[in-house]
Every structure is written in structure tokens, then in C-alpha cells.
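Q: For reference, the chains in residue letters:
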Amino acid sequence: MANYRDIIARYQDKPGGIIEAYHALQREFNYIPREAVKEVARVFRLSEAQAYGVATFYSYLSVEPRGNYIIRMCESAPCHIAGADEIIKAFERELGIKVGQTTPDGKFTLELTECVGQCQGTPVITINSVPHVGITPDQIPAILALCK
Amino acid sequence: MAEELRIVLRNADKIDASNINDYIKAGGYTALEKARRMEPRAVIEEVKKANLRGRGGAGFNAGLKWSFVPPAETKYVVCNLDEGEPGTYKDRTIVQKDPQTLLEGMAICAHAIGSRQGYIYCRGEYPYLVEHLNNAIAQAKAAGVLGDFDIEVRMGGGAYVCGEETALIESIEGHRGEPRFKPPFPGVAGLWAQPTVVNNVETFANLPEIINKGADWFASIGAASYPGTKVLTLTGDVVNRIAIEVPTNTTIRQVIYEFGGGIRNGRKFKAVQIGGTSGGFIPESLLDTPIDFDSMRNIGATLGTGAVFVMDDTRDIVDIVTRIAKFFEHESCGKCNPCREGTFRCYEIMKKINRGAATARDIDNITVLARVMQKAALCGLGQAAPGPIMTTLQHFRHEYERKLLS
Ligand SMILES: Cc1cc2nc3c(=O)[nH]c(=O)nc-3n(C[C@H](O)[C@H](O)[C@H](O)COP(=O)(O)O)c2cc1C
Ligand code: SF4
Ligand code: FES
Chain A
4 MANYRDIIAR YQDKPGGIIE AYHALQREFN YIPREAVKEV ARVFRLSEAQ AYGVATFYSY
64 LSVEPRGNYI IRMCESAPCH IAGADEIIKA FERELGIKVG QTTPDGKFTL ELTECVGQCQ
124 GTPVITINSV PHVGITPDQI PAILALCK
Chain B
360 MAEELRIVLR NADKIDASNI NDYIKAGGYT ALEKARRMEP RAVIEEVKKA NLRGRGGAGF
420 NAGLKWSFVP PAETKYVVCN LDEGEPGTYK DRTIVQKDPQ TLLEGMAICA HAIGSRQGYI
480 YCRGEYPYLV EHLNNAIAQA KAAGVLGDFD IEVRMGGGAY VCGEETALIE SIEGHRGEPR
540 FKPPFPGVAG LWAQPTVVNN VETFANLPEI INKGADWFAS IGAASYPGTK VLTLTGDVVN
600 RIAIEVPTNT TIRQVIYEFG GGIRNGRKFK AVQIGGTSGG FIPESLLDTP IDFDSMRNIG
660 ATLGTGAVFV MDDTRDIVDI VTRIAKFFEH ESCGKCNPCR EGTFRCYEIM KKINRGAATA
720 RDIDNITVLA RVMQKAALCG LGQAAPGPIM TTLQHFRHEY ERKLLS
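Here the protein sequences line up with chains A and B, keeping their order. All residue numbers for the first sequence refer to the numbering used here, where the first residue is 4 and numbers rise by one. All residue numbers for the second sequence refer to the numbering used here, where the first residue is 360 and numbers rise by one.
Derived from the structure by calculation, the hints contain no laboratory data. Among these hints, one or two may not hold up.
Said to hold, decoys possible - The following label-pair restraints were derived from C-beta to C-beta distances:
(1) B:Lys762 / A:Pro68: 50 to 56 Å
(2) B:Asn599 / A:Thr139: 42 to 48 Å
(3) B:Ala497 / A:Glu89: 41 to 47 Å
(4) B:Glu643 / A:Thr139: 56 to 62 Å
Stated by the list, open to error - Residues from chain B shown here face chain A by an in silico Cβ test under 10 Å; the list is partial:
(5) Gly483
(6) His491
(7) Ala518
(8) Ile531
(9) Glu532
(10) Phe540
(11) Lys541
(12) Phe544
(13) Asp596
(14) Asp672
(15) Arg682
(16) Glu690
This one's a predicted model, so the numbers in the text were calculated from it and none came from an experiment. Each residue gets a CB set at the ideal place from its N, CA and C atoms; glycine is no exception.
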């Protein structure tokens with residue numbers, strides 16, 4: 004696993020590169036660790052509060068540890084009427100966690116999101132940013148089984 | 360039967376989108392060459408005369424916007440690929456199917472305003488587009504077609520407000536994406552305080568054909584005051600949930616019934632929301648309105664991004680508007696009070712109405728609140744947030760009244 008200092012250093016000369024650095028950190032760790040925020044603040048010459056303020060403004064970025072598979076359910080209006088609520092409930096049942104939580108084995112995190120731009124195939128989920136369209140509750144065990 | 364007219368999607372599914380040679384064989388980059396033989400001012404005049412109006416929602420004449428850019432050492436061309444408006448997938452479709460047409464459009468703009476650096480701000484939810492675009496840029500550079508114009512892709516972070524051009528600029532600069540006060544407008548002082556043109560993907564993608572075929576050709580297509588085509592994305596209870604590109608004088612009814620194939624499962628139409636989640640709800644009686652910007656505005660609706668969200672007769676309007684109110688409460692950046700408090704209270708009142716605990720008094724309150732937000736919010740998010748509430752109270756009031764305590 005890459006060192007967070009090396010990842011951040013790659014972006015230090017890029018004007019406004021802080022958000023790119025956060026994306027790179029999140030690609031590596033699935034979230035942005037607290038020490039990395041401190042290092043970002045140092046490298047981009049911001050206070051820690053400012054660096055934290057940037058990270059927490061963006062809902063796609065997380066400062067909380069998350070699982071290996073981040074499942075996000077779109078709940079925008081087109082997905083809402085296509086049955087997003089039932090899909091969420093089915094995931095909660097299947098995984099034994101609530102939205103916003105991570106399974107105890109650190110494998111899955113369940114989140115809500117707004118529209119991910121795949122509304123030709125509502126309802127839509129993403130697993131680690133890859134969209135899956137036209138989901139039905141009975142497909143969920145099979146979808147989870149694919150996440151090894 | 361109405362037919363599609365493809366300008367921005369002219370190459371879609373006809374060429375290999377990941378190979379610049381296919382684009383060049385289809386006539387790609389001839390418009391840029393032609394533009395480069397023209398005086399920059401003449402390019403701006405041509406676009407102005409074509410009356411190409413912004414396809415990102417605000418409908419401002421692109422050539423006119425460019426003409427405000429003052430002389431400066433450094434200027435930027437920024438493409439808005441934030442596409443956060445629920446129900447919208449047109450910019451993704453354009454970029455997936457023909458990324459070079461976007462790059463060519465940006466390079467035409469760069470020549471017109473005298474810029475050497477472009478940015479594409481791509482929403483964080485589209486990481487696969489970032490790769491696709493970086494590949495397209497690398498090929499364009501290798502082929503030498505972009506000349507001294509450089510394009511860099513930056514990734515957004517899932518904040519809807521970052522689609523607002525000044526918030527987008529804040530975000531590229533590495534800050535929290537909070538909108539700025541205007542003026543100054545970005546055209547004068549934008550990215551790193553330099554003159555910056557921000558346009559939507561679809562706006563840029565129209566440029567190659569406008570330069571090749573001329574302003575008069577473009578201005579004669581569709582509705583006179585908003586000429587050309589619009590890419591629309593169909594969602595909800597419509598048979599064909601697809602992206603289409605149609606002349607702007609096409610009516611809503613044609614969109615839903617001729618292109619969309621009508622309502623799913625043989626059900627009846629109840630409402631359509633156009634322009635994304637901040638758009639107005641439109642009843643059956645207004646379906647013969649053309650989709651162009653001004654016609655939509657005249658019926659109290661918006662063309663917006665061109666999202667077309669269809670609802671059948673079983674749908675609960677109040678429940679859907681409550682869901683939409685939650686969206687705005689969540690996406691408000693909190694910089695100004697009318698929106699930070701207003702979206703919170705709108706959601707609170709909508710929840711109360713939706714669970715059957717409200718009285719007529721609550722409807723009066725939400726109406727006053729909506730007016731305050733429309734007038735006093737700093738950016739378009741807070742100003743547009745009450746739109747769905749107001750238009751459903753206008754056209755579907757009985758659905759609210761049915762849920763009130765007697
Ligand atoms: C809250 C909000 C979100 C917006 N989101 C987008 C967006 O995702 N894409 C876009 O092109 N324009 C969006 N806009 C409009 C931009 O501010 C700007 O008008 C547009 O990018 C200009 O390009 P155009 O003239 O080519 O349409 C948004 C505006 C607001 C107020
Ligand atoms: S209107 Fe809303 S989103 Fe816009 S600046 Fe004010 S609080 Fe932020
Ligand atoms: S509304 Fe769910 S993906 Fe767009």
C-alpha cells in the first residue's frame with residue numbers, strides 16, 4: 004500500500020491540487036485518513052481546519068473509514084419512484100447494517116447518494132463507483148456474492 | 360412522426376469514440392482549422408449570430424458571453440461537466456460517444472478568446488469519463504490538432520452546487536465549492552482571478568458544426584429565439600428511457616409520446632418535470648408547449664438541462680416533491696441564510712404535509728418562504744429550489760389538500 008505522503012507529494016505543485024490529492028488518497032484507502040488530512044494541510048499551506056473543511060464539503064469524499072466495497076444507492080426522484088426504498092431495505096437486511104454503516108468484517112459500506120447520471124436504468128446503485136442499473140431486490144444476494 | 364436531428368450527437372454510435380482517427384475521418388477538426396484561419400473576433404461574431412444559447416440551464420448567448428472577455432495575459436476555457444442535476448445524463452452521453460467533438464469545441468472557443476489553457480470539470484461520480492477524456496486528450500495532443508492549447512481534467516467531489524460556475528471555479532482552485540458574489544462575472548475575473556469562459560459540454564459540442572456550416576444554418580433550425588437542437592434525457596414512467604437530440608421547436612407531447620413511446624405499462628400520464636430536479640412540474644394541459652427556453656419559461660417551467668422525468672397517474676406528487684425538498688436541504692452549501700434555513704424548513708413542512716399532519720396554514724407558510732428564497736438566495740440553487748413546490752401547488756393543489764388535516 005502506497006504511503007500517503009508520497010501520494011500527496013505528487014499533487015503539491017498543481018494549482019488547486021488539494022482535491023485531486025484527496026481523490027488519489029481515497030482511491031488508495033477508500034477514505035481520507037486523519038493523518039493524511041494533516042499532511043495535506045502542511046503541504047498545501049493551510050490550517051488543518053481548512054484542509055478538513057475542504058474534505059468534508061464534498062459528499063463523494065469521506066473522512067471516515069469505509070469498507071472495501073462501497074455500495075451507494077441513488078435516491079434522487081427518478082430512482083425514488085423506481086423503488087429505491089425497497090432496494091435499500093433489502094441491502095440493509097442482507098448485510099445486517101443500516102445506511103451509513105460498515106459491516107463488522109470491513110467488507111461493505113452502505114451509503115445513499117443523489118443521482119449518478121445513469122437514470123436511463125433506474126433504480127441505480129454503484130459499487131466502488133461502477134454503476135449497476137435496473138436493480139431488483141431479489142438480485143441482491145447474487146450481486147453481493149460477486150464482491151469477493 | 361417527428362424525427363431526431365443530430366448535431367452534437369452526429370457521430371454517436373457511428374465512430375469508435377476512443378479513436379481520434381475515426382473522428383478525423385468523419386470530418387473532425389476541420390472546423391477548428393477553419394476557425395483558426397478566421398480572426399478571433401469573427402469567430403465570436405459567428406457564434407453570436409448563430410444565437411447558440413448555453414445548454415447548461417441559463418440559456419445565455421455563448422458568443423455574447425465570450426465578447427465580454429477583456430484582454431489579459433492568461434485566460435481560461437472551462438468546460439462544465441458537473442452534470443449533477445438529477446434525471447440528466449446528456450453530457451455523459453455526449454462525452455462517452457464523441458469526446459473529440461467536445462475538445463474541438465473547446466479549442467474553437469480558446470482561439471476566439473485567446474486562451475492556452477482549458478479545464479474540464481468532471482463530476483466525481485464519472486471516474487470512467489475522466490479516463491476516457493484523458494485518453495482523448497492524449498490522442499489529440501499526439502496528433503497535434505490542439506496546437507498550443509492544453510486541456511486538463513479535474514474531478515469534482517459530489518457537490519451539486521459545484522455545477523454553479525463560480526462554485527465550480529472555487530472547486531478547481533481547491534476550495535470548498537461555495538458560490539461567489541457576482542459581479543465580477545467569471546468572464547472578467549474567474550479562475551485565479553483571470554478572465555474565464557465557462558460553458559456546458561453540449562454548448563461546446565455544438566461549435567464544430569456551427570463553424571463548418573455557418574451561423575445562418577444553425578439559426579434557422581428549431582425555435583427562432585433558441586435555435587438548434589437540445590439533447591434530452593428521458594426518465595421515469597416513459598417507455599423509452601433514452602437520450603434524444605431534437606430541434607428546439609419539438610413539443611413536450613412529441614417528446615413523451617413520439618420519441619418516448621408513451622407511458623409505461625399502458626398507464627395514463629399525470630405530470631412531467633423538465634429541466635432536472637429544480638424544474639417545474641407540467642400538467643397534461645400544457646403538453647403542446649415547445650421545449651425551447653422561452654416557451655418553457657412562459658408556462659412557468661424551465662428547459663434547464665433537458666431532463667424529462669415522466670410520472671404516471673399512480674404517482675404521489677406530494678411524496679415526490681418531499682423527496683426533492685430533501686435533495687435541496689442536503690445540497691445547500693450553507694453560505695447564505697435564505698437557502699440554508701429555507702431548504703431546511705421547506706423539507707420540514709413538506710414532510711409534515713406528506714405524513715398528513717399539516718393544515719392549510721402550512722401551505723400558506725411554505726408559499727411565503729418559497730417567495731423569499733426565489734428573491735433573496737445568493738445563487739441559482741436557492742432561487743430554484745422552491746420551483747417544484749410552487750408549480751405543484753399551482754397545477755396539483757388537490758394532491759396537497761387531500762393530505763391536509765381537516
Ligand atoms: C446549483 C447550480 C448547478 C448547476 N449545475 C450545472 C451543471 O451541472 N452543468 C452545467 O453546465 N451548468 C450548471 N449550472 C449552470 C452554470 O452556472 C453555468 O450557467 C453554465 O455552466 C454556463 O454554461 P452554458 O452557458 O454553456 O450553459 C448550474 C447552476 C446552478 C445555479
Ligand atoms: S443559495 Fe444555497 S447553495 Fe447558493 S450560495 Fe446560498 S446557501 Fe449556497
Ligand atoms: S436518478 Fe438515480 S441515477 Fe439518476
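Q: Indicate, hint by hint, whether the structure satisfies it.
A: Evaluated hints:
| no. | hint | verdict |
| --- | --- | --- |
| 1 | B:Lys762 / A:Pro68: 50 to 56 Å | violated, 42 Å |
| 2 | B:Asn599 / A:Thr139: 42 to 48 Å | violated, 20 Å |
| 3 | B:Ala497 / A:Glu89: 41 to 47 Å | holds, 43 Å |
| 4 | B:Glu643 / A:Thr139: 56 to 62 Å | violated, 31 Å |
| 5 | Gly483 | holds, 4 Å |
| 6 | His491 | violated, 14 Å |
| 7 | Ala518 | holds, 5 Å |
| 8 | Ile531 | holds, 5 Å |
| 9 | Glu532 | holds, 4 Å |
| 10 | Phe540 | violated, 19 Å |
| 11 | Lys541 | violated, 20 Å |
| 12 | Phe544 | violated, 20 Å |
| 13 | Asp596 | holds, 7 Å |
| 14 | Asp672 | violated, 13 Å |
| 15 | Arg682 | holds, 5 Å |
| 16 | Glu690 | holds, 7 Å |
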